[in-house]
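Convert by adding 2 to the 1-based position in the sequence shown; the result is the number in my numbering.
Hints are computed from structural coordinates only; laboratory data are not their basis.
Note that beta-carbon positions come from the ideal geometry of N, C-alpha and C, so glycine has one too.
Hints may contain errors.
Simulated restraints, written as ranges between beta carbons of each label pair [stated by the list, open to error]: (1) 182 with 230: 26 to 32 Å; (2) 220 with 149: 22 to 28 Å; (3) 238 with 101: 38 to 44 Å.
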Amino acid sequence: MKRLSLGHIIPIGVFLVGYAAVSLFGHKGLLLTAISDGTGTTLWLIAILVMSWAAVCNRGRARWFWILLALGAATACVNLGAWFYYDVILRRPVPAPFWADIPIFLQPVPIMAAAAMRPSSRQDGHKFQLATLNFLILLFWWIYIYAFLIYPHEYILPNAHSFNSYYDLLFVLEFAAVLAIVGFLGLKTRGAWRKVYWELFLACALYVTAFMWLNVELVRGNYYAGSFYDIPVYAS
């Protein structure tokens with residue numbers, strides 16, 4: 003497992019500084035929206051490609067670990083791609099309710115399942131099948147929670163306040179579960195996989211913290227696509 007080199011760190015730093023400059027000095031409008039939505043979609047596409055390549059280069063539990071992480075990235079990519087489609091290509095507001103809220107809500111599920119696969123473990127095939135079954139149970143559980151607590155406020159009796167409250171709370175709880183699982187594995191695991199777990203932990207912690215901050219500013223009316231609040235999300 004390679005460490006980050008200057009060849010990795012410098013482009014990342016340049017990107018964040020450049021995007022921060024665009025956010026701080028750019029003017030709210032179509033161009034800034036296109037830059038923001040396009041950047042987010044591209045970052046998740048890169049994540050999907052890199053994780054898919056890691057899956058190809060591995061096998062067994064490690065392969066499934068990267069496949070599931072790629073699936074989690076794909077859910078976020080679908081969401082941001084949908085925003086790009088409506089904001090930039092169609093140039094009209096997203097529909098309410100917005101179908102792309104569902105994939106982003108399910109984003110933490112494949113991450114939980116990936117960590118639960120324990121790619122550093124050498125468990126036998128029977129236990130691997132149980133891990134796969136656990137993923138399906140986990141997925142159906144969160145779909146049920148969405149259908150029970152969020153769907154009625156989104157589609158049956160639309161209530162924006164209740165929808166946002168339940169959605170944000172459950173999304174944070176999902177990532178709290180991710181952090182608990184990944185943090186536990188980071189403490190228990192040794193070797194190269196420990197580094198992977200802790201990097202995933204830090205990325206998810208920054209991501210969900212940035213999500214909460216962004217949503218607070220959205221409620222206050224301070225957020226718009228391309229604003230400063232996108233920077234920590236994209237940094238994660």
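Against the structure, the hints:
A hinted range of 26 to 32 Å for the beta carbons of residue 182 and residue 230 is consistent with their spacing of about 30 Å. About 24 Å separates the C-beta atoms of residue 220 and residue 149, a value consistent with the hinted range of 22 to 28 Å. With their beta carbons about 24 Å apart, residue 238 and residue 101 fall outside the hinted range of 38 to 44 Å.
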